[in-house]
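Chains as they are written, first to last, in the numbering used here: chain V, 1 to 261; chain U, 1001 to 1104.
Because the hints were derived from the structure by calculation, they are not lab data. Beta carbons are placed, not taken as given, at the ideal position from N, Cα and C, and that holds for glycine. Treat the hints loosely; a few may be bogus.
As the list claims (entries may be wrong) - Derived pair list, reagent style BS3-like, types lysine-lysine, alpha-carbon separation capped at 25 Å:
hint, chain 1, residue 1, chain 2, residue 2
1, V, Lys-4, V, Lys-71
2, V, Lys-43, V, Lys-86
3, V, Lys-225, V, Lys-117
4, V, Lys-43, V, Lys-8
5, U, Lys-1037, V, Lys-112
6, U, Lys-1076, V, Lys-112
7, V, Lys-71, V, Lys-43
8, V, Lys-225, U, Lys-1006
9, V, Lys-117, V, Lys-4
10, V, Lys-71, V, Lys-219
11, V, Lys-8, V, Lys-112
12, V, Lys-241, U, Lys-1006
What the hints assert, rightly or not - Here are some chain U residues the structure puts well away from chain V; computed CB gaps all over 10 Å:
hint, residue
13, Gly-1021
14, Ala-1022
15, Leu-1025
16, Thr-1038
17, Leu-1054
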Amino acid sequence: MERKIQFKVFKFNPSIEVTPTWRVYEVEVDRGTTVLDALLKIKEEQDPSLAIRYSCRQAICGSCGMMINGKQRLACFTRVLELNSKIIYVEPLSNYPIIRDLVTDFSELFSKERSVKPYIIRDDVEEMSNPTGMYLQKPDELLSYLQFADCIECGLCSSACPTVSTDRLFLSPMVLNKAYRFSADSRDSGLVHRLPVIDSEHGCWRCHFAAACSSVCPKGVDPAKSIQLLKRMITSTNIFKKSRKRIVEISSRPHVTLSFP
Amino acid sequence: MRESTKMLIHYITGFAILITGAIHLIASNLKTLEWIKTTPLYPVSQGIFLATVLYHALNGLRVILVELMPGYRSGKIISYTLLILGVILFVFGSYVLIILFGER
Chain V
1 MERKIQFKVF KFNPSIEVTP TWRVYEVEVD RGTTVLDALL KIKEEQDPSL
51 AIRYSCRQAI CGSCGMMING KQRLACFTRV LELNSKIIYV EPLSNYPIIR
101 DLVTDFSELF SKERSVKPYI IRDDVEEMSN PTGMYLQKPD ELLSYLQFAD
151 CIECGLCSSA CPTVSTDRLF LSPMVLNKAY RFSADSRDSG LVHRLPVIDS
201 EHGCWRCHFA AACSSVCPKG VDPAKSIQLL KRMITSTNIF KKSRKRIVEI
251 SSRPHVTLSF P
Chain U
1001 MRESTKMLIH YITGFAILIT GAIHLIASNL KTLEWIKTTP LYPVSQGIFL
1051 ATVLYHALNG LRVILVELMP GYRSGKIISY TLLILGVILF VFGSYVLIIL
1101 FGER
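Start from the sequences, fold in the hints, and give me the full structure.
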């Protein structure tokens, strides 16, 4: 059964406009219509100038994050009728500069991400460049970071974070989660290289555990938890000069051994 | 000093405030335990109380200001201003404690 729902959509082009406006559109939706479907319908039938960023439409790419009825959500992962509201307010993610309409600029967030070196770092550089074997992990070693590896970098957590809204230099939950995800990996020994950034004035210690990041995460990553675990990891390694983590050594098993009959 | 070290001291001083503050409150308000004030360790606990309160309060203020005024230069200015303020307040507080307990 189809229902008519009113959408109030934020419209703003900072390059030619001074103040933003709200446009009202009416869309017929059914049980399965997502907010992204409705916005694309608006774009196709009512306002072709509406700017939206999206890609996969199945909550994997993390491109369509926006404020829907005042809360950070993925438009493709939010069904209109589940919001239980006659008027749906759609606006760009807070805490980010607006490029146009619902599209926000993530370049600062990604440059912060690069600063924490979000990749496996090992001391055996030669082996990293020319691998001769593989690094075997125990199941519990995998579980120590698996939840945090589910991050799709949609940026909803950083938009919800109250510290990001006051301190623009704060690394943000997404970046700190990424730093923990790699530092907790038993194949990685790069925490010492990440410390100058994550253990700085605007690093993980500025998190006050409001946990707003975890409440909006569409993948259940829980960045608030990873930041607390990162604080514990830094304290034990940096102050007590002790790490609980075992760094796995290279296995003599060949890099790739696939054989078919 | 690394941020982790500053924050670890912040948490330790918070715990120390709880203990030394409790000693002060008990000794000042419970008549049966007033004898605590006459022990030689009491002035020491009050000295620790002064130092820990100053560190905890000023570091808390630093954290708030660093968040509200982000920037490498402003961070340095805030930290050094509060460090100087802390030293002045500690010297003044210690002078008061010496006068207070020196009379006994």
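Outcome of the hint check:
no.	hint	in the structure
1	V:Lys-4 - V:Lys-71	holds (22 Å)
2	V:Lys-43 - V:Lys-86	holds (20 Å)
3	V:Lys-225 - V:Lys-117	holds (20 Å)
4	V:Lys-43 - V:Lys-8	holds (13 Å)
5	U:Lys-1037 - V:Lys-112	violated (54 Å)
6	U:Lys-1076 - V:Lys-112	holds (21 Å)
7	V:Lys-71 - V:Lys-43	holds (22 Å)
8	V:Lys-225 - U:Lys-1006	holds (21 Å)
9	V:Lys-117 - V:Lys-4	violated (48 Å)
10	V:Lys-71 - V:Lys-219	holds (15 Å)
11	V:Lys-8 - V:Lys-112	violated (33 Å)
12	V:Lys-241 - U:Lys-1006	holds (16 Å)
13	Gly-1021	holds (23 Å)
14	Ala-1022	holds (26 Å)
15	Leu-1025	holds (28 Å)
16	Thr-1038	holds (38 Å)
17	Leu-1054	holds (20 Å)
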